[in-house]
Amino acid sequence: MFSILRDLLRFNVEFLVGFVLTALIFLFAAAHFFAPYPDTAIYLLPPDMPPSAEFWLGTTSRGQDVFWQMSAAIWNTMTFGLVVMILSRIVALAVGMLSGYLGGKADQALMTINDTLIALPNIPILLLVYFVMRDQMTWPLLAVTAALLGWNYDARLIRSVTLSLRNREFTRHAVFAGMSVPQVLVRQHLPYVMPVVFFTAMNNLIWAIGLEVTLSVLGFSDVNRPTVGGMIYWANQHQAAVSGIWWWLVFPIVAVVLLFLGLFLLAISINEYIDPRSRLSRMGG
Amino acid sequence: MQATLKPDVATSSAEPVLRVEDLKAYYQMNYFGVTREVRAVDDITLTIQRNEIYGIAGESSSGKSSLIKTIAGAIRPPLRVVAGSVRFDFGGRTLDVYDDPEAMRAARWRHLSYVMQGSMNVLNPVRRVKHAFHDFAVRHMGLSPSAFRARVEAHLEQIGLDPQVLEAYPHQLSGGMRQRLAIGLATVCEPEFIIADEPTTALDVLVQQDVLALIKDVQMRLGSSIIFVTHDMTVHAAIADRIGIIYAGRLVEEGPTQAMFERPQHPYTAHLIASLPRIGDTTRRQSLPGKPPNLADPPSGCRFHPRCPLAVAKCASESPPLLPRGEGRVACWRAGEVAAA
Amino acid sequence: MDGFAKYLARRFLQFILVIFLGVSLAFLITHLSPVDPVEQSVSLMTNFGATDPRSVELLRAALSELYGLQGSFFEQYLAFWGRVLHGDFGPSLSSFPTPVMSLIMGALPWTVGLLTLSVLIAWCLGNLLGALAGYFRSNILLKLSGAAVMALHPVPAYIIGLLLLLTFGFVWPVLPISGGAQMNLQPGFSLVFIGSVIQHGLLPALTLVLVGIGSWFISMRSLVSNIVTDDHVVYAELGGVSSATIFSQYVARNALLPQLTGLALSLGNVFGGAVITEFLFNYPGVGRLLIQGIYSGDYSLVLGVTTMSIVAVAVAVFIIDLVYPLIDPRVRLG
Chain A
262 MFSILRDLLR
272 FNVEFLVGFV
282 LTALIFLFAA
292 AHFFAPYPDT
302 AIYLLPPDMP
312 PSAEFWLGTT
322 SRGQDVFWQM
332 SAAIWNTMTF
342 GLVVMILSRI
352 VALAVGMLSG
362 YLGGKADQAL
372 MTINDTLIAL
382 PNIPILLLVY
392 FVMRDQMTWP
402 LLAVTAALLG
412 WNYDARLIRS
422 VTLSLRNREF
432 TRHAVFAGMS
442 VPQVLVRQHL
452 PYVMPVVFFT
462 AMNNLIWAIG
472 LEVTLSVLGF
482 SDVNRPTVGG
492 MIYWANQHQA
502 AVSGIWWWLV
512 FPIVAVVLLF
522 LGLFLLAISI
532 NEYIDPRSRL
542 SRMGG
Chain B
3 MQATLKPDVA
13 TSSAEPVLRV
23 EDLKAYYQMN
33 YFGVTREVRA
43 VDDITLTIQR
53 NEIYGIAGES
63 SSGKSSLIKT
73 IAGAIRPPLR
83 VVAGSVRFDF
93 GGRTLDVYDD
103 PEAMRAARWR
113 HLSYVMQGSM
123 NVLNPVRRVK
133 HAFHDFAVRH
143 MGLSPSAFRA
153 RVEAHLEQIG
163 LDPQVLEAYP
173 HQLSGGMRQR
183 LAIGLATVCE
193 PEFIIADEPT
203 TALDVLVQQD
213 VLALIKDVQM
223 RLGSSIIFVT
233 HDMTVHAAIA
243 DRIGIIYAGR
253 LVEEGPTQAM
263 FERPQHPYTA
273 HLIASLPRIG
283 DTTRRQSLPG
293 KPPNLADPPS
303 GCRFHPRCPL
313 AVAKCASESP
323 PLLPRGEGRV
333 ACWRAGEVAA
343 A
Chain C
6 MDGFAKYLAR
16 RFLQFILVIF
26 LGVSLAFLIT
36 HLSPVDPVEQ
46 SVSLMTNFGA
56 TDPRSVELLR
66 AALSELYGLQ
76 GSFFEQYLAF
86 WGRVLHGDFG
96 PSLSSFPTPV
106 MSLIMGALPW
116 TVGLLTLSVL
126 IAWCLGNLLG
136 ALAGYFRSNI
146 LLKLSGAAVM
156 ALHPVPAYII
166 GLLLLLTFGF
176 VWPVLPISGG
186 AQMNLQPGFS
196 LVFIGSVIQH
206 GLLPALTLVL
216 VGIGSWFISM
226 RSLVSNIVTD
236 DHVVYAELGG
246 VSSATIFSQY
256 VARNALLPQL
266 TGLALSLGNV
276 FGGAVITEFL
286 FNYPGVGRLL
296 IQGIYSGDYS
306 LVLGVTTMSI
316 VAVAVAVFII
326 DLVYPLIDPR
336 VRLG
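Residue numbers (our numbering), protein chains in the order written: chain A, 262 to 546; chain B, 3 to 343; chain C, 6 to 339.
Source of the hints: derived by calculation from the structure; they are not laboratory data.
Model, not experiment: these values are computed from the prediction.
Fair warning: there could be bad hints in the mix.
[Unchecked claim] When the alpha-carbon atoms are kept at most 30 angstroms apart in a straight line, the in silico DSS-like pairs for lysine-lysine are as follows:
no., chain 1, residue 1, chain 2, residue 2
1, C, K11, A, K366
2, B, K26, B, K316
3, B, K132, C, K11
4, B, K26, B, K293
5, B, K293, B, K316
6, B, K26, B, K132
[Said to hold, decoys possible] What follows is a list of derived Cβ distance ranges for each label pair:
no., chain 1, residue 1, chain 2, residue 2, range
7, B, G292, A, L451, 33 to 43 angstroms
8, A, T399, C, F141, 16 to 26 angstroms
9, B, R153, A, N428, 43 to 53 angstroms
All C-beta atoms in this analysis are idealised placements derived from N, C-alpha and C, irrespective of residue type, glycine included.
With the hints as extra help, turn the sequences into a complete structure.
If you want it as structure tokens, here you go:
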């Protein structure tokens with residue numbers, strides 16, 4: 262596995278750039294554990310100060326240091342994204358593999374439900390959930406809801422891989438040897454499914470972070486907890502664009518765009534590596 | 003056995019219609035710092051005369067498909083021509099396949115056509131069959147739309163197809179019909195050279211007989227030359243005039259069909275012939291020892307030596323040249339010692 | 006025609022199923038929440054000043070009836086379906102006494118117009134660029150535009166919209182960044198009004214196009230580079246068919262089929278992007294209506310908009326399902 266990583270870093274430019282970007286942002290976010298001020302403190306520092314030697318990225322109208330706020334914000338946003346990604350992978354894997362392996366009526370039933378859920382608009386439903394929960398809305402609850410909306414498309418992909426595996430010889434051997442369905446799925450099929458899962462996981466992570474940013478920007482989350490979207494929300498509340506406090510808006514936007522680009526480059530370079538047809542066309546040059 | 007009863011087709015010259023000289027085409031791949039070179043076509047020289055069916059035989063991954071694609075000029079990176087040339091002679095004019103792509107494109111279908119392996123999917127699934135004829139052939143014929151249509155319909159009738167199939171979509175036709183259609187499409191411009199890449203491999207035996215008879219009939223009427231690639235020796239016996247045996251990217255023997263079957267000169271050819279079933283003969287067939295050669299790292303000297311029952315020390319170090327012997331050519335240091343089947 | 010009829014029947018059943026599940030989901034979410042919407046609304050209204058307890062009681066009863074919260078769970082469910090089928094969600098609290106449905110109907114044309122235009126442009130342009138990039142692999146111009154489009158792909162709609170707003174609203178203020186049309190104009194089919202609509206719609210549409218084009222480009226490019234190795238394309242090249250014909254008839258037409266299916270699958274997400282964009286540019290569509298409803302705690306409005314958006318997306322998906330056989334003869338003729 263590490264040799265693959267090393268090869269990708271050395272020969273695939275997109276992977277290298279993506280890896281570096283993501284790692285940098287991750288380190289930046291991890292730094293918040295060493296922040297000199299508490300995350301949620303406000304009006305602690307002189308407000309509206311432009312970037313300087315003392316406040317590297319300036320301060321906000323709420324008296325917070327933009328640098329440390331951003332660090333904590335990115336960490337929280339990324340945590341949210343990771344939780345959604347992991348939860349939705351579990352559901353997508355379970356549904357996809359079961360459906361692909363069992364086939365027949367079970368497959369048809371599961372896929373009909375799957376296709377129905379795909380056609381539902383996600384944002385209105387999420388907003389509805391927020392609306393009815395209001396102050397009782399916590400970010401884990403939001404994460405669970407998002408996870409429950411984000412597994413459909415990927416379950417189909419996983420299912421098609423499992424379907425093709427079901428008819429292979431090694432599956433029949435395993436069944437003859439007495440392996441139960443869960444055993445076959447986990448020990449025989451999972452290694453083949455993992456590449457697809459990884460690719461969809463990256464996409465899902467990007468989507469989840471985007472979702473978090475969007476909801477927070479609208480004010481539909483716990484706005485006292487620092488998140489990237491939350492920073493932009495407060496900046497809008499204090500009319501930062503009009504007052505010329507550009508650093509409050511620009512730096513979080515730049516950071517989140519870099520994070521997305523990094524994750525995206527990682528995703529497409531790994532996907533290209535995994536897909537045998539694209540690998541072939543890359544080989545020819 | 004096959005008797006060659008061909009009408010004497012008067013041609014403008016006695017020039018061979020295809021000349022392949024010292025052709026080398028390799029897959030050159032560079033991935034993650036690892037370079038690999040698969041020598042699919044490794045120094046092949048052959049000529050094909052007018053009005054001749056030349057069969058190319060060999061096992062899977064022997065390089066015969068790559069050879070055909072290289073001759074047709076239909077190769078894409080990572081497969082590249084590394085050395086040698088492929089030249090056609092159409093009506094006195096020489097056409098170098100890799101020298102002049104524009105002339106090559108103009109010649110396609112009018113002088114050189116192709117019948118593909120698995121003709122199930124060669125037609126565009128979202129358009130009616132008549133559009134295929136239009137796309138491939140109309141620019142060569144110079145006819146008005148109605149005259150073109152009439153010509154195509156007449157041509158289809160000649161090969162036993164109802165002209166109504168022109169209005170159908172490919173998925174509405176059976177496999178056998180699509181195969182006939184492919185042959186009809188390949189011959190509508192009456193080309194001088196047809197390349198047929200395993201056209202009968204995916205068909206059941208009865209349809210296979212049908213298609214073979216059709217190909218023979220068409221060839222006799224048009225006087226075209228055909229390169230016919232298949233691993234099935236019985237098909238070669240049925241229609242080929244001459245056969246060339248490919249092993250590990252090299253031509254190891256070539257000769258008239260009857261001579262090849264009755265007096266094979268290369269140990270590999272002898273094995274191929276001997277392994278064919280014969281009515282009444284119940285002796286066990288021996289399989290060749292060893293594995294098919296790895297074209298990225300082929301054996302030294304004669305490529306066949308690790309599996310050859312007649313191999314000696316010389317075979318491992320020096321590669322035998324393809325030299326005329328008897329009624330054809332053979333590349334073996336011990337060619338005369340192969341016992342007849 | 007038999008295959009076609011079966012196809013239609015299957016898609017119609019799916020359509021019904023989507024609406025059934027979606028509407029039920031909306032019902033479940035609102036009726037299973039621990040927060041009582043009546044109490045929420047009451048506390049919102051009583052914030053505006055002291056009211057005597059009897060009025061509050063009357064308010065509670067009225068709201069309870071309004072929100073369909075009377076009777077058993079199952080009775081409420083059936084009553085909800087009745088309201089959906091009649092298109093009656095009651096009056097909006099924040100714009101009392103205007104019925105929720107008329108608010109939605111007023112906003113719907115704006116959203117439909119914006120979405121239809123942006124989605125069509127993003128889909129067509131993205132597919133065209135992707136197909137060209139997949140077929141003519143060595144073209145530098147295509148590679149560069151591909152990189153630009155892909156760089157946009159992972160960025161969320163709000164950020165792209167915000168960047169456009171800042172650029173064209175503040176840095177180089179040439180386009181309006183708020184509203185659907187100029188406020189003092191008489192709505193109608195006059196040239197001035199239509200011109201104003203177009204002007205105001207440019208930035209929201211541009212946002213949605215930039216948000217959507219990336220994914221179509223990427224998927225089309227990958228599809229085309231696979232189709233290029235398909236038998237019928239290789240055969241056409243062997244036949245000396247011109248590149249232009251191969252590209253349009255053999256490659257692009259076949260690649261469009263899965264892309265059309267993908268379009269139907271993406272409509273749920275596309276609608277989400279519209280909600281955010283409308284909010285950002287203060288565009289008078291159902292998205293903005295929804296968010297305003299949430300801000301003002303207007304229960305009926307939020308429920309109504311959510312339900313109608315589920316129905317609208319289902320209808321759009323069904324329309325695309327109807328179009329698909331026109332392009333794929335294998336479905337049309339079995």
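Going through the hints against the structure:
Only pairs whose Cα atoms come within 30 angstroms are accepted, and K11(C) paired with K366(A) is accepted, the gap being roughly 18 angstroms. A distance of roughly 24 angstroms separates the Cα atoms of K26(B) and K316(B); the hinted pair therefore holds under the 30 angstroms criterion. A threshold of 30 angstroms between alpha carbons decides the hint, and for K132(B) with K11(C) the separation of about 28 angstroms falls inside it, so the pair holds. For a cut-off of 30 angstroms, the pair hint linking K26(B) to K293(B) stands: about 23 angstroms separates their Cα positions.
Restraint check: the Cα-Cα separation between K293(B) and K316(B) comes to about 21 angstroms, which is no more than 30 angstroms; the hinted pair holds. Annotation: proposed proximity of K26(B) to K132(B) is violated, straight-line Cα distance about 38 angstroms (limit 30 angstroms). For G292(B) paired with L451(A), a C-beta distance near 37 angstroms keeps the hint of 33 to 43 angstroms intact. For T399(A) paired with F141(C), a C-beta distance near 51 angstroms fails the hint of 16 to 26 angstroms.
A hinted range of 43 to 53 angstroms holds for the C-beta pair R153(B) and N428(A), which are about 47 angstroms apart.
Going through the hint list in order, the structure does not satisfy hints 6, 8.
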